[in-house]
Structure formats: structure tokens, C-alpha cells
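Enquirer: Knowing the structure of chain A, use the given hints to seat chain B on it.
In the order they appear, the protein sequences are chains A and B. The first sequence runs contiguously to residue 265 in the working numbering. The second sequence runs contiguously to residue 99 in the working numbering.
Treat the hints with care, since some could be wrong.
[What the hints assert, rightly or not] Pairs of lysine-lysine, BS3-like flavour, derived with a Cα cap of 25 Å:
hint: 1; chain 1: A; residue 1: 260; chain 2: A; residue 2: 187
hint: 2; chain 1: B; residue 1: -2; chain 2: A; residue 2: 206
hint: 3; chain 1: A; residue 1: 257; chain 2: B; residue 2: 42
hint: 4; chain 1: A; residue 1: 217; chain 2: B; residue 2: -2
hint: 5; chain 1: A; residue 1: 190; chain 2: B; residue 2: 87
hint: 6; chain 1: A; residue 1: 191; chain 2: B; residue 2: -2
hint: 7; chain 1: A; residue 1: 206; chain 2: B; residue 2: 87
hint: 8; chain 1: A; residue 1: 217; chain 2: A; residue 2: 190
hint: 9; chain 1: A; residue 1: 207; chain 2: A; residue 2: 257
[Said to hold, decoys possible] Per the computed footprint, the stretches of chain A lying under chain B, defined by three or more beta-carbons under 8 Å from a beta-carbon of chain B, are:
hint: 10; region: 221 to 235
hint: 11; region: 256 to 264
Hints are computed from structural coordinates only; laboratory data are not their basis. The beta-carbon is built from N, C-alpha and C at its ideal position, and this holds for glycine as well.
If you want the building blocks of each chain, they are given just below.
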Amino acid sequence: EDKVVQSPLSLVVHEGDTVTLNCSYEVTNFRSLLWYKQEKKAPTFLFMLTSSGIEKKSGRLSSILDKKELSSILNITATQTGDSAIYLCAVELRGSGAGSYQLTFGKGTKLSVIP
Amino acid sequence: KAGVTQTPRYLIKTRGQQVTLSCSPISGHRSVSWYQQTPGQGLQFLFEYFSETQRNKGNFPGRFSGRQFSNSRSEMNVSTLELGDSALYLCASSFRTATNEKLFFGSGTQLSVL
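Only chain A is shown next, with the shape it has when bound in the complex (with noise of 0.2 Å):
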């Protein structure tokens, strides 16, 4: 069964700390590993990680995937209260036809920053 685990499960930091949030996964055909931020409803695309790409970064948002060790993280450095989230791991499987998403989802990093 194809598994996708996140770690830790929630985290409170303080504005201006570094995370780094964690998502390890087993899974046959993987494909790429994506990021999403979830605050209310809907989840925010961050980063998509495929073996043409294991490193990303945007502004203070960062990620790497590790294909040997099947794991991936997502540094968030310099904190904000803004940066409160669910976080969300994904990994997209092979051999769902060409430009076709079928994701496994991790539980989520519930990241809690205080002023």
C-alpha cells in the first residue's frame, strides 16, 4: 500500500525561527512529490519535486527531495505569523496516463508561529 508520512504533526515556533518539516514516503511508480499550504480551505501549490528537479526555492521557502532515502523536506526560514498552516505532502503516482494526477497525501504539518 502506497504511504505517504509526514512528521512532526504539528509545530509552534516563533516569528523568526527556521522549520523544517519532514515527508517520507513508500510508494511503487513515483513520479514527482509535491508541497501544498492549506490555511482555510483550499491547498496553495508550493513546489512540485521530480527527478529532473530534487531542489526548489522560493523567497524564504525552500525544499529538497532525496530520492535515495524516499523523503523530502520543506525549510521555511525567518518565520511569520503569516506562515501558519497546514502543510501538506503529496506524491504523485506513475502510470496513470500522460498528464493525469493521482496524488497520496501525507496527514499534514500543522505549523503554529507566534508573534
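Expert: The following block gives chain B in isolation, referenced to the frame of chain A:
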């Protein structure tokens, strides 16, 4: 450009009833997928449609079904509702090219089954 639109935002139903949820993808997106989100199970894949054809299906009972229309709008239907069907139902649309790969979610329909 308008985002993914889901209607209704909230629904309250009773056990045994059926419900239909609607999703309008971003203009130009032909793939629409549906997910169920509950506190205990997280986000789980229901099914995916592309050009009016179901391409993938998750591990849900046959009470959950869907369809896609020629304009890419999609509906999902849940028949004979059970208490455990209470969840946030999220729809996502996607557009993939060699250089741009993203999946965009709507704000969801919160279904409560009493």
C-alpha cells in the same frame, strides 16, 4: 483568471439521502480530480476525469461517482449518505506542459451528514 469554483460551499444532509457537488475548473484545464478530506484520514483521492472520461479511481465504494461534461465542468455524486461521509470535498484542476506543472484546488464543499 478565475480559480477553481466549487458549489455549494456548505451542505447539510441526512443519512440515506444523496448529494451532488459541482466543480468548475480553471479555464483551459481539462483534468479534474476529486479528494475527500477528513480529520482522521487526511486527503484521499476519489477519482480523476480528463476529456469526459474517468482516468483514475481511488479506493471508495460505488456510492461515490462522478462525471465530467464537455466544458470540463465536473460533478460528483454520493448516494445513500452515511455519517462517515461528512467531510470537506475538494476539487482540483490541472494543466501540464513540459515547463509548467501545477494542480490547483478549489475551496471545497463542506458536507455534514446528520
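Enquirer: Out of the numbered hints, which ones does the structure contradict?
Expert: Those not satisfied are hints 2, 4, 8 and 10.
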